[in-house]
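Given the sequences, and given the hints that come with them, work out the whole structure.
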Amino acid sequence: MAGRRKDIPKGMPNYSDLINPTLEALQALGGSATINEIYSEVINNMHLSEVIIDFPHSDKSSQTEIQYRLAWARTYLKIYGIIEKTQRGVWAILPEHKDLHQINVDDCVNTVRSLSADKKDTHNDPKKDNNLEDDGIEFPDENKPWRERLHNILLSMNPFAFERLAQRVLRESGFYEVEVTKKTGDGGIDGYGRVKINGMFSFKVAFQCKRYSGSVPSSDIRDFRGSLTTDIEKALFITTGSFSKPAQDEAMTPGKIQIDLIDGEDLINRLAEFKIGLTPVTEYEIDEKYFLQI
0 MAGRRKDIPK GMPNYSDLIN PTLEALQALG GSATINEIYS EVINNMHLSE VIIDFPHSDK
60 SSQTEIQYRL AWARTYLKIY GIIEKTQRGV WAILPEHKDL HQINVDDCVN TVRSLSADKK
120 DTHNDPKKDN NLEDDGIEFP DENKPWRERL HNILLSMNPF AFERLAQRVL RESGFYEVEV
180 TKKTGDGGID GYGRVKINGM FSFKVAFQCK RYSGSVPSSD IRDFRGSLTT DIEKALFITT
240 GSFSKPAQDE AMTPGKIQID LIDGEDLINR LAEFKIGLTP VTEYEIDEKY FLQI
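Note that numbering that gives the first Met the number 0 has the sequence shown beginning at 0, numbered continuously upward.
Because the hints were derived from the structure by calculation, they are not lab data. Ideal placement from N, C-alpha and C gives every residue a C-beta, glycine not left out. Among the clues, some could well be false.
[Unchecked claim] If you anchor each label on the Cβ, the simulated ranges turn out as follows: (1) D6 to D248: 21 to 31 Å; (2) D259 to P279: 22 to 32 Å; (3) T85 to E232: 28 to 38 Å; (4) P253 to R167: 42 to 52 Å; (5) G173 to G29: 18 to 28 Å; (6) P253 to G187: 19 to 29 Å; (7) T278 to M156: 10 to 20 Å; (8) K288 to G198: 41 to 51 Å; (9) T228 to M199: 19 to 29 Å; (10) I102 to K203: 42 to 52 Å; (11) D222 to E287: 33 to 43 Å; (12) E282 to I231: 37 to 47 Å.
Written out as structure tokens, the structure reads:
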């Protein structure tokens, strides 16, 4: 397991600092939310700086550090019995805790650690511990080894092969007449497609694919928008990395064509959903708390 990183920006919340904000975000969002909705609610409520928001977790991951720590917060809440994740990737507060807004974080962390079969003997204060792998849990809920391996494979792909992969993902997502252009690496349009909404309204969509190990800057979004022609009604930017906060803001600038974003985590989720290059393996998750309480 990796040790504590020394380059973490000052003010980066520890995973235990994110447990109650995650629960509060779910409450504010009606008791259930996607990962991205939880992420946006938490960073807005905590008024986190761009330095914190955009700091990458590692070169081997498409996540930022704050996304990684939020994954740990969700995992702790799940094992503690407060929230659950549906098959469609939506996180929800369990019915018996629908009015719960905060929990005792120390009790949550200590209980989860005690439930871990391979826990390590640590005496760290969880609120001061940056070493997330040192709590006896091998991986947070969404951070399995195959995701890291797949992320590295995507980064190493030939640019044209990556565009063909994006083409396949879009087709599986309901797009049609999807084609890739002959050029790549020029910061412009990599392909086109059409999508029909509710079986009635169709839109021409331009997309760009970018293999990126860090955060896509706002300048890339502006360059992509600048390449769009007047016949384009929707735009989509796909990356293996993440999008910086300025890039997300730029994509949704009022008065300009809106650009939808698919980051590395979203892309991997879609590859898994459509079983593109992935074969699901059945596993069983042990409810250790059940066996202790029966």
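Do the hints match the structure? See the list:
The beta-carbon spacing between D6 and D248, approximately 25 Å, falls within the hinted interval of 21 to 31 Å. Checked against the hint of 22 to 32 Å, the C-beta distance between D259 and P279 comes to roughly 27 Å, which is consistent with it. About 32 Å separates the C-beta atoms of T85 and E232, a value consistent with the hinted range of 28 to 38 Å. Range check, P253 to R167: Cβ separation about 33 Å, and the 42 to 52 Å hint is violated.
For G173 and G29, the hinted distance range of 18 to 28 Å is satisfied, since their beta carbons lie about 26 Å from each other. Checked against the given bound of 19 to 29 Å, the beta carbons of P253 and G187, roughly 24 Å apart, stay inside it. In this structure, T278 and M156 meet the distance hint of 10 to 20 Å, their C-beta atoms being roughly 19 Å apart. At roughly 46 Å, the beta-carbon separation of K288 and G198 lies within the given 41 to 51 Å, and the hint holds.
Distance hint check for T228 and M199: the Cβ-Cβ separation is about 24 Å, which falls inside the suggested range of 19 to 29 Å. Range check, I102 to K203: Cβ separation about 48 Å, and the 42 to 52 Å hint holds. A beta carbon spacing of about 50 Å between D222 and E287 contradicts the range 33 to 43 Å that was offered as a hint. For the hinted restraint 37 to 47 Å between E282 and I231, the CB-CB distance of approximately 43 Å keeps it satisfied.
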